[in-house]
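**Q** For the record, the sequence lines run as chains A and B.
Numbering-wise (our numbering), the first sequence opens with residue -10 and increments by one.
Numbering-wise (our numbering), the second sequence opens with residue 5 and increments by one.
Do not rely on the hints blindly, as some may be mistaken.
[Said to hold, decoys possible] Computed list of chain A residues with no C-beta within reach of chain B, every gap over 12 Å: (1) Asp70; (2) Val77; (3) Pro107; (4) Asp342.
[As the list claims (entries may be wrong)] Here are the simulated DSBU-like pairs of lysine-lysine, each with C-alpha atoms no more than 30 Å apart in a straight line: (5) A:Lys61 x B:Lys158; (6) B:Lys158 x A:Lys103; (7) B:Lys115 x A:Lys59; (8) A:Lys175 x A:Lys273; (9) B:Lys158 x A:Lys63; (10) A:Lys124 x A:Lys61; (11) B:Lys209 x A:Lys84.
Just so you know, these hints were derived from the structure itself, not from any lab.
Nothing here was measured: the structure is a model prediction, and the numbers come from that model.
Each residue gets a CB set at the ideal place from its N, CA and C atoms; glycine is no exception.
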Amino acid sequence: MNKRFTRILATSVAAVALVGSLGACGKGSASAPSAGSNEITMWTHNAGNAEELKAVENIVDSYNKSAGAKAKIKVQAFPQDSYNDSVVSAAAAGKLPCIVDIDGPNVPNWAWAKYLTPLKLDADVSKNLPSTVAKWEGETYAVGTYDVALAMLARASDLKAAGVRVATVEKPWTKDEFQDALTKLKALGKWEYPLDMGTAGTGEWLPYAYSPFLQSFGGDLINRDGFQSADGVLNGDKAVEWAQWFRGLADQGFMAKKSGKDSTQDFLNNKSGLLYTGSWAADKARAAVGKDLVVMPSVDLGNGPKIGGASWQWGVTSGCTNSAAAMDYLSYSLKPENLAAVAKATGTIPATDEAAALIPAFAKGGTNRIFMELSRNYAVMRPETPAYPFIATEYGKAVQDILAGADPKTALDKSVKAIDANIKSNGGYKN
Amino acid sequence: MKQTLISKGLGNAATTAVRLLFAAVAAFPIVFMMVSSLKPDQQIFGDMSSVAAFLPVGNISLDNYAAVFDRVPAARFLMNSIGISAVTVVLGIFINSLCAFALSRMEVRGKRVVFTAILATLIVPFQTLALPLVWWVNQLPYFELNGFSLEISKGWLDTYQVQIIPFIANAFSIYLFHQYFESIPKELDEAARIDGAGWFTIYRKVVMPLAGPATATVAILTFLPAWNSYLWPLMVVQSEELRPVMIGIQYFFQLNVSWGEVMAYASLITIPVVVLFIAFQRSFINSIASSGVKG
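With these hints in hand, go ahead and build the complete structure from the sequences.
**A** Pasting the structure below:
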């Protein structure tokens, strides 16, 4: 027994030594630049996305090797789903890096929280897709190298069999046409639910995917005049109409109240006939379905088709001690060839026409050109207010409640009450 | 007599069948995970509505495992988690048993208050402490050997020790050791003291050798949360080379999720726990029975 305990104690001592040695070898690279190192750190959300990370690293490498580089950029990648939590923790500890990746709709919140500083770039961003430039209170806080767009995917053969026309950017489906299309597709008897709207989605997917329908009805997430209240727009007649329509899609058996975990895969496995998804799914779908795949715009529910604008963008933190170098790098990263490299690697929409011309799929006549047109014609920015993350959460809850059977007006009133209270308790989110 | 034997045999068979059914239900998620890790995505979803979802049939390969190592530095993450968990367990046993020993054996004024205060911390969920703790650990001094000079800097963020030291002291472990130590007769201490033993000798040579079951329970209950740790490393670790395995799972949730790879990675990080469970099956069951806590 004594020998056994001696072993335990020895192991404990060894463990203490191991902590010491781990400590000695286990200090990660600091986020802040060390004195005189002329190195700045850049955080990105794409750990695990080898193609996008590689494209970003290539731009950084070429900047670092360029004669005019004002600092050496060092990339630290984080997994996307947990990226925001890492940033918020680092901000609490005062350890933010110089350059950060931000999901577009969160930019005003991060600017309001003083994480970000306004950008002063040499690059001209006036010709970029509007949804790739994030502004708040008249200042530009972030720029993106790409955007994504929502669309409807279907097999042309299914639409033909059902006698449904292919919707186009010039002539999208109206609300009645959409109802008719779903009725005819359901009548084919090929699928339990002909439409997959990704209703199993959570988080940012809910406002990103479904608030454009609300806007197409004439409602909105918040009154954009001052961004002080959601009353009347998120719970007004148009919003209630949207909620009843959305719930009706499930009640009529057109879509599942909770879809499968991977809607794209279900579409490819012929478990649905019409898929509402983002441009990121197009290449995978085209590879599987081939020329039978059709990409169509979202539905016009009264006020024209709408889709969410803004994807991941880049900003400079307010605590950056070498912001001139950070801005210089961002300007460099916005060169057409760099925009094209990232868009090509990720299958996303390049931020400028000049960059699009370098990618056959996005050049005029290319298979993915439609996404660029959808973005230019139909993108609506999610409300550019620091309250957006809270609004998004409340709206997401309302969507799930409505799908689960809650009274639409009651669910929306509840959201409005919570949103208005939050804005008030934050002093109107004034700068 | 013959009829009794037959009915007894039937009863045993029925009991075994029910047990097998429960075992199968419990095993289904793990079997599904392991089997799916060998299939391409399209087949995983295609098999979902049939029993094939639980069978290694169709287009079976190790491609998903190869892809896991392409996407994530899985070996590094595994080694990190093994190191962090092992050190947390060993130091946790040592520190918490020492604390419990003092509270159980030593006559110190106010020890009941101290013990109550320690237990009171159990009702505070970690999530509420996480952000203040980040601030705290960022204020702590950090010592680093650079050649022959000792450098001192501020902040423990992005280190191994920030993933270990905050989780060594644990109120529940102290409570378990304390309750176990209370069941060991104090006469043994007195006998040892007559033989000239001091407090540490009594702890080391009398009490701890008799506290094997409590030590095993604490080891298991410390290991599992250390291995499953997710929120804390997410908040305090920025460098990829220091990340534990659970953070790695997030690497797979991109816009187009590769479920086969998710299942392969999940299988990989489950294997050490399963091996540990098989090796210490009896202690695992005892720990759940004695603590009422499922890992």
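**Q** Starting from Lys158 of chain B, check that the Cα of Lys103 of chain A is at most 30 Å away, please.
**A** Holds, because 23 Å separates the two Cα atoms, which is no more than 30 Å.
**Q** Non-interface claim for Val77 of chain A: all C-beta distances to chain B beyond 12 Å?
**A** 8 Å, violated
**Q** Quick one, are Lys61 of chain A and Lys158 of chain B close enough, alpha carbons at most 30 Å?
**A** Holds. Lys61 of chain A to Lys158 of chain B sits at ~24 Å (cutoff 30 Å).
**Q** Does the structure keep Lys158 of chain B and Lys63 of chain A at a Cα separation of 30 Å or less?
**A** Holds, because 21 Å separates the two Cα atoms, which is no more than 30 Å.
**Q** Measuring Cβ to Cβ, find out whether Asp342 of chain A lies farther than 12 Å from everything in chain B.
**A** 24 Å, holds
**Q** Holds or violated: Lys115 of chain B with Lys59 of chain A, Cα cutoff 30 Å?
**A** 60 Å, violated
**Q** Can you confirm whether the C-alpha distance between Lys209 of chain B and Lys84 of chain A stays at or below 30 Å?
**A** 47 Å, violated
**Q** Within 30 Å, alpha carbon to alpha carbon, are Lys175 of chain A and Lys273 of chain A?
**A** Between Lys175 of chain A and Lys273 of chain A the Cα gap is close to 25 Å, so the pair holds against 30 Å.
**Q** So Asp70 of chain A supposedly isn't at the interface. Is its beta-carbon more than 12 Å from every beta-carbon in chain B?
**A** About 5 Å separates Asp70 of chain A from the closest Cβ of chain B, which leaves it inside 12 Å; violated.
**Q** Just double-check Pro107 of chain A for me: nearest Cβ-Cβ distance to chain B has to come out over 12 Å.
**A** The assertion about Pro107 of chain A holds, with a minimum of 25 Å to chain B.
**Q** Are Lys124 of chain A and Lys61 of chain A close enough, with their CA atoms no more than 30 Å apart?
**A** 27 Å, holds
Violation of the numbered hints given earlier is confined to hints 1, 2, 7 and 11; the remaining hints are satisfied by the structure.
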